[in-house]
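Please arrange chain B on chain A, whose structure you already have, making use of the hints.
Heads up: the sequence lines are chains A and B, in that order.
Start counting the first sequence at 1; every next residue gets the next number (the working numbering).
Start counting the second sequence at 1; every next residue gets the next number (the working numbering).
FYI, nobody ran anything at the bench for these hints, they're computed from the structure.
These figures come from a predicted structure and were not determined experimentally.
Don't take each hint at face value.
[As the list claims (entries may be wrong)] Cut-off 20 Å, straight-line C-alpha distance, at most; resulting in silico cross-link-like pairs (EDC-like, lysine to aspartate or glutamate):
hint, chain 1, residue 1, chain 2, residue 2
1, A, K72, A, D120
2, B, K116, B, E145
3, B, K39, A, D86
4, A, K149, A, E53
5, B, K86, A, E111
6, B, K172, A, E53
7, A, K142, B, D33
8, A, K148, B, D33
9, B, K39, A, D22
10, B, K39, A, E99
11, A, K56, B, E83
12, B, K39, A, E58
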Amino acid sequence: MARFKKSNKKETPGINTGSMSDIIFMFLFFFMVITTIRQGTLFVQTRVPSATEVQKLERKNLVSYIYIGTPKEKKYGAEPRIQLNDQFAFPSEIKEFIEKERAARSENDREFLTTSLKVDTAVVMGVVTDVKQELRKVGSYKINYSTKKGQKKK
Amino acid sequence: MARKAPELNTGSMADISFLLLTFFLLVSNIDTDMGLSRKLPPMPDPGATPDVVNERNVFVVLVNARNQLLVEGVPTEIGQLKEKTKEFFLNPTNSPKLSDKEMKSIDLIGDYNKSKGVVSLRNDRSTKYGTYIQVQNEIAAAINEMRDDLAKEKFNKSFEDLNNEQRKAISKAIPVAVSEAEPKDIGGTK
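The following block holds chain A by itself, in its conformation from the complex (with noise of 0.2 Å):
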């Protein structure tokens, strides 16, 4: 009755991967949703400081960030420096910055806009001031300084 005999031979049957890369390609694919690449290349360093109050920003596409801190590399000088998209600006570009940053938007948006200033904790706020001034002077008064989330004391 060779029908019914049992294989003498007892392997454990191999564990199927088929569905491994299923896997893997899904947390690929949340990964690239939940994350965002980063956009240019900072020139200059933004040691953000801490906080405990901290609110999320709310509404990504309706942020526009400035960067303010000391160059990364030492030819540009140790003095703190403003940052818009990719290159380094004076306080008085900020005005076309902000209505560029505007113009890309739609109309109903526009109010929402949001300006994120990374500033390095060193910074003094001489610097951060002007840039206040200016977008005071653009009527762009949304503003967030942007923080770690901090340890609340007890």
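The following block gives chain B in isolation, referenced to the frame of chain A:
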């Protein structure tokens, strides 16, 4: 007999996708964009006269070029700022030196003794940004704590758990009253 087509070897597929995964993990950053949201005041009209505010209602916080604090004329450590701010706004003893209060009826809350106080924050051009944020954070912490206390008193929930309307009502009772002075050099430069 038809010849069986050889099966495609998919064993390395997982490796390839792992490679892609690691690549994306490296080049992307989970954007945790957090921070302190503030609203800048509009530029003052050149002709407009500044609002006259009773002196007792202004809580003056000065930060000098050496990152030292002067609160209402008294040198203060950053750690004490939160308590001082709370005391100023709440004024539990109705001291004539701290902020004045005014009965106001607010939806959902009813009559509330709203403080007329305003924090006036002024810093030097040479103040470190880190210190400035710390100060802003302490004031925000004071306001959040007061809001939380009021929320617990009125709705028996913490401020975080309230719905939008309740939150609005609380925010109306305790607004973020921080005014930043027009920039001016104080306390000299380094």
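Which of the stated hints cannot be reconciled with the structure, identified by number in ascending sequence? 3, 5, 9, 11
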